[in-house]
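Asker: Using the sequences and the accompanying hints, generate a full structural model.
Protein chains in written order, with our numbering: chain A, 1 to 250; chain B, 1 to 203.
A portion of the hints provided could be inaccurate.
[Said to hold, decoys possible] Here chain A is said to cover these stretches of chain B; the calculated rule only asks that three of the stretch's residues, wherever they fall, bring their Cβ under 8 Å from a Cβ of chain A: (1) 7-17; (2) 82-91; (3) 173-184.
These aren't lab readings, by the way, just hints derived from the structure by calculation. All C-beta atoms, glycine included, are put in the ideal place defined by N, C-alpha and C.
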Amino acid sequence: MIKFNIKRQEHTDAKPYWEEFEVPYRENMNVISALMEIQRNPVNTKGERTTPVTWDMNCLEEVCGACSMVINGSARQSCTALIDQLDQPVKLEPMSTFPIVKDLQVDRSFMFDSLKRVKAWVPIDGTYDLGPGPRMPEKKRQTAYELSKCMTCGVCLEVCPNVNDSSKFMGAAPISQVRLFNLHPTGSMNKNERLDALMGEGGVAECGMAQNCVKACPKGIPLTTSIAAMQRETSFHMFKSFFGSDHEVE
Amino acid sequence: MSKKDSSFAIRRLHSLLGVIPLGVFLIQHLLVNHTATRSEEAFNFAAGIMGSLPFVLFLEIFVIYIPILFHGIYGIYIAFTARYNVGTYSTFRNWMFLLQRVSGVIAFIFIAIHVYQTRVQVFFGTEVDFDMVHQIVSNPAWLVFYIIGIIATVYHFANGLWSFMVTWGFTQSDRSQRIMSYVSGVIFVVVSFIGIQAILAFI
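Answerer: What follows is the structure, given as structure tokens:
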């Protein structure tokens, strides 16, 4: 039997409570397969029939970011949290920095809104074929590839002391995405727009440099280097456009 | 600037003021204090020069009081918008993050009391000299308070220098940030030593 202690919540504004479960052990189980067992037979340790625990998931191979939760105190993906490697009782909590939809399911819209705010894409739509873009130097590609692993899972925001209800800080992920799209040869044509967005409220300047994000990132993205790079870029950008500038690009 | 809001500029100003002028003034202040280790006369001479600078009130207001009020008040706002989590994620930088805010609040309180005990007393007809400080730190409670205040202020400066270097884009790579950690550690030890040696000379 595997013991679980799960923090549950009926809806966004409901009071959270803890409920214990026991799940029969199978080999190579992860937290998600255990949660599926609870879903199949929603009976808690006291033998009471209860509602099935809700959580979010999609890819089951740690590339989509949907199944993030706080497992035994640290934020990570539940698909790659193997039962054999966890202390029991396994403590499951939702990532409290986000609004809780139900139980372990959270609403990460804040992150997607931030990505829209900083224009984390390469705009190429138009009325005619623009042809191939400039070539990307190999070294740059390697750096960009690391940054492109971000799956907007929310772990870096969950561990950040500056992302909370009393601050508007967007957290590491969208800042690192600005670096990614500003590295891109075609994307860099709009880099000033992204830097302007990073310099708004909740932007890069509100990073407190506690550097929990880089330690917690499941994809090993050099988030603090990204943030420092954007600190540098925005500093330059501020000086260049201090009295207004005709340097639209570069 | 074409920014919609001023939060970026305010944060950058907050970072800049912490080093220039406040950090520079802190070092200079502690060095003047350190003359007390030579003799009472040496301190009174050095403090006398500082006090007799032309336009001294103007200098104090624009180089010290306004920057420190802005840095302090905005800093306290920053300190109270964080949700501290060193209990869960007890990494070195996360502790530095917490201590930076704690030391900032201590330093702000310390400096307010310190300015009242020294500079404000001038308006009540007392002179800023060796005897004034001697009388304050003869009381062991005040001495301990001053030592804590000095250490907190110096820590806040040394660690603030680390984040200043990141904020303005000097240290970007992991390696440069790590080296700066050592540099700021050395600055903390050396400047604390100077400050404490100086305050002990007043007993």
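Asker: All hints are to be evaluated individually against the structure, with a verdict given for each.
Answerer: Hint check results:
{"no.": "1", "hint": "7-17", "in the structure": "holds (count 5)"}
{"no.": "2", "hint": "82-91", "in the structure": "holds (count 7)"}
{"no.": "3", "hint": "173-184", "in the structure": "holds (count 3)"}
The structure fails none of the hints (numbered hints given earlier).
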